[in-house]
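Which chain is which? The protein sequence lines are A and B, in order. Be aware that the first sequence starts at 1, since it is given in the numbering used here, and climbs by one per residue. Be aware that the second sequence starts at 1001, since it is given in the numbering used here, and climbs by one per residue.
Worth double-checking, as some hints may not be accurate.
[As the list claims (entries may be wrong)] Pair ranges (Cβ atoms, derived): (1) A/Val180 x B/Glu1003: 25 to 33 angstroms; (2) B/Gly1012 x A/Phe245: 58 to 66 angstroms; (3) B/Ala1235 x A/Val20: 53 to 61 angstroms; (4) B/Lys1176 x A/Val242: 49 to 57 angstroms; (5) A/Ser17 x B/Glu1003: 40 to 48 angstroms; (6) A/Leu132 x B/Phe1066: 40 to 48 angstroms; (7) A/Leu139 x B/Gly1012: 35 to 43 angstroms.
[Stated by the list, open to error] Computed from the model, here is a short list of chain A residues facing chain B with C-beta under 7 angstroms: (8) Arg10; (9) Ser18; (10) Glu102.
[Claimed, not checked] When the alpha-carbon atoms are kept at most 25 angstroms apart in a straight line, the in silico SDA-like pairs for lysine to any residue are as follows: (11) A/Lys225 x B/Glu1081; (12) A/Lys225 x A/Ser18; (13) A/Lys96 x B/Gly1131; (14) A/Lys96 x B/Ser1021; (15) A/Lys96 x B/Leu1133; (16) B/Lys1135 x A/Asn44; (17) A/Lys96 x B/Leu1129; (18) A/Lys96 x B/Lys1025; (19) A/Lys231 x B/Ser1054; (20) A/Lys96 x B/Arg1128; (21) B/Lys1135 x A/Ser18; (22) B/Lys1135 x B/His1189; (23) A/Lys225 x B/Asn1036; (24) A/Lys96 x B/Ser1054; (25) A/Lys96 x B/Glu1081; (26) B/Lys1025 x B/Glu1081.
Everything labelled a hint here was simulated from the structure, so no lab data went into it. Idealized CB from N, CA, C, for every residue including glycine.
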Amino acid sequence: MRNVATIAGREIRSYFSSPVAYVLLAVFLALAGYFFYALLSAFNQSLQIYSMMRNPEMLQRFNLNEMVVRPLLHNMSVLLIFIIPAITMRMFPEEKRAGTYELLLTSPVRVSEIVLGKFLGGFVLVLLMIALSGFFGLLLLMYGNPEIPMMLAGYLGLLLMAMVFLALGTLISSFTDNVVIAYVGTLFALLVLYTVGWLGETVPGTAGAFIRYVSITDHFQEVLKGIIDTKDLVYFATLLVVGLFLTQRSVESVRWR
Amino acid sequence: MIEVAHLSKRYGDVSAVQDVSFVAKPGEPLGFLGQNGAGKTTTMRVITGFMPASSGTVRVCGFDVFEQSAEVRRRIGYLPENPPLYNDMTVVPYLRFVAKLKGLSRGDTEAAIDRVLATCALGGVSSRLLGHLSKGYRQRVGLAQAMIHDPEVLILDEPTIGLDPTQREEILNVIKGTGKTRTIVLSTHILPDVLEVCAKVVIINEGRVVVEDQLANLTRDGRDLRAVFTAAIAAGHHHAAAGADA
């Protein structure tokens, strides 16, 4: 465990000793802030229109969670598709380029510790990102009355999704010594994972059911609705564990070639 | 103590090292000589456990590098051809990171850092970024990380390459001092380095050992190591038997 912390610590330090972490945080928060503002403006406008129409029935249906929080979390999940590959792309390629890969693999450290350390390092950055975006949630709490459990569930969903993305990014970065390939490869994988569900609607039978199960969006939607079901948690946990396990195998395979 | 026995390593169809055997003992620094591409780096990478052998065995301090890899890695210090430095770190935090990786306790770490800073004469640059260091200093930091846990076995892959004469002298002095009690394998194609610090010589050519002997034997009667080296390489593995007999 100490080794995991050592490697994660160096990873975090390297994100923050270069502009990488700050640029990623700034880009993520700027765009998320813009989405938040746009959604809130739209919400306000509709609210005003319906107030003028004095339609209490319609006003009743207005829901901050459905009209702001949920779409915001959804948009942030799309942002993560582009941001997370930028976090994971350097994990292994940079070590291979610098020759520090040899240092890691010839030290008395387990490969699983290296992989977990790298993953945790990236996770801390993503956690910080998502936590800072919690500011938008706080604003809503101060000036409105969103349903707190629903909001927390949504953030949990975003976090779970981010972990899966990170695990896949870590895996793909372990395949190559080139950061561009690591970025584009991860971006491709995440986009496929995110959009494969579109096919689920049209493909019939078990194949369709399988595709719908594999699609991360369907599980994310469930959690966003505030429904925390074991089957969704199992889905996220499975992808996370499988991703990290395969990374461990991939790194270890240097030893078998 | 390093015992390499019948080590072969193939990359696909290409054979990098074939049937290499030699023994390196503590207090007897071993010069591992060969031209570029002779298989030196491959052999070192197998000894350090970075990659497995295709066949043959390597034992370090009695532990098999493949079966008891963790035990071996605990006892080995390794300076690869390119010093394994994180360019965005400064010297002391880097050494602290390596010390932790090598399993030093928190209490021992600071003393170990002070020790290698002194032996490798790094005091003046201890707060500089690794990416800003000159080649000579990078090499010294590389040596410092290899020695941070005071390992029983040191594997050095071309440690003096690209250094100016003063820097080279300093590095060789460190190796000489450490080599009195530790097992050292020093890979190089710079013959004077070997003359200066090594007690034993293994010459490898096209993946095969062509000479394994004490340096004193090879240079007896005023023979020149360069001539020995050239002859061994020219004779290829025909010379292997003669080399072993010498």
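Here is what the structure says about each hint:
1. Between A/Val180 and B/Glu1003 the beta carbons are some 44 angstroms apart, a value that contradicts the proposed interval 25 to 33 angstroms.
2. About 27 angstroms separates the C-beta atoms of B/Gly1012 and A/Phe245, a value inconsistent with the hinted range of 58 to 66 angstroms.
3. Taking the beta carbon of each, B/Ala1235 and A/Val20 are about 54 angstroms apart, inside 53 to 61 angstroms as hinted.
4. Our hint of 49 to 57 angstroms for B/Lys1176 and A/Val242 holds, since their Cβ atoms are close to 51 angstroms apart.
5. For A/Ser17 and B/Glu1003, the hinted distance range of 40 to 48 angstroms is satisfied, since their beta carbons lie about 42 angstroms from each other.
6. Take A/Leu132 and B/Phe1066: their Cβ atoms lie about 47 angstroms apart, and the range 40 to 48 angstroms holds.
7. A beta carbon spacing of about 60 angstroms between A/Leu139 and B/Gly1012 contradicts the range 35 to 43 angstroms that was offered as a hint.
8. The interface hint given for A/Arg10 is met, as the beta carbon of that residue sits about 5 angstroms from the closest beta carbon of chain B, less than 7 angstroms.
9. With its C-beta approaching chain B no nearer than about 6 angstroms, A/Ser18 sits inside the 7 angstroms limit, and its interface hint holds.
10. Satisfaction of the interface hint for A/Glu102 is found here, the shortest Cβ-Cβ separation to chain B being roughly 5 angstroms, below the 7 angstroms cut-off.
11. A hinted pair counts as satisfied when its Cα atoms are at most 25 angstroms apart, and A/Lys225 with B/Glu1081 does not qualify at roughly 55 angstroms.
12. For the hint linking A/Lys225 to A/Ser18, the alpha-carbon distance of about 38 angstroms lies beyond 25 angstroms, and the restraint is violated.
13. Taken as a hint, the A/Lys96 and B/Gly1131 pair is honoured in the structure, with Cα atoms around 16 angstroms apart against an allowance of 25 angstroms.
14. For the given pair, A/Lys96 sits about 29 angstroms from B/Ser1021 by alpha-carbon distance, which is inconsistent with the 25 angstroms threshold.
15. This hinted pair checks out: A/Lys96 and B/Leu1133 have alpha carbons roughly 20 angstroms apart, not beyond 25 angstroms.
16. Our distance criterion of 25 angstroms between C-alpha atoms is broken by B/Lys1135 and A/Asn44, whose separation comes to about 62 angstroms.
17. Taking the CA atoms of A/Lys96 and B/Leu1129, the gap is near 20 angstroms; set against the 25 angstroms cutoff, the hint holds.
18. About 31 angstroms separates the Cα atoms of A/Lys96 and B/Lys1025, which puts this hinted pair outside 25 angstroms; it is violated.
19. Restraint check for A/Lys231 and B/Ser1054: the C-alpha separation of about 45 angstroms exceeds 25 angstroms, so the hint is violated.
20. Taking the CA atoms of A/Lys96 and B/Arg1128, the gap is near 23 angstroms; set against the 25 angstroms cutoff, the hint holds.
21. For the proposed pair B/Lys1135 and A/Ser18, the alpha carbon gap of about 22 angstroms is at most 25 angstroms, so the pair holds.
22. Under the criterion of a C-alpha separation no larger than 25 angstroms, the hint pairing B/Lys1135 with B/His1189 is consistent with the structure, at around 18 angstroms.
23. Under the criterion of a C-alpha separation no larger than 25 angstroms, the hint pairing A/Lys225 with B/Asn1036 is inconsistent with the structure, at around 63 angstroms.
24. Restraint check for A/Lys96 and B/Ser1054: the C-alpha separation of about 22 angstroms stays at or below 25 angstroms, so the hint holds.
25. At most 25 angstroms may separate the alpha-carbon atoms for a hinted pair to count; A/Lys96 and B/Glu1081 meet this at roughly 13 angstroms.
26. With a C-alpha separation of about 22 angstroms, the suggested pair B/Lys1025 and B/Glu1081 falls inside the 25 angstroms cut-off, and the hint holds.
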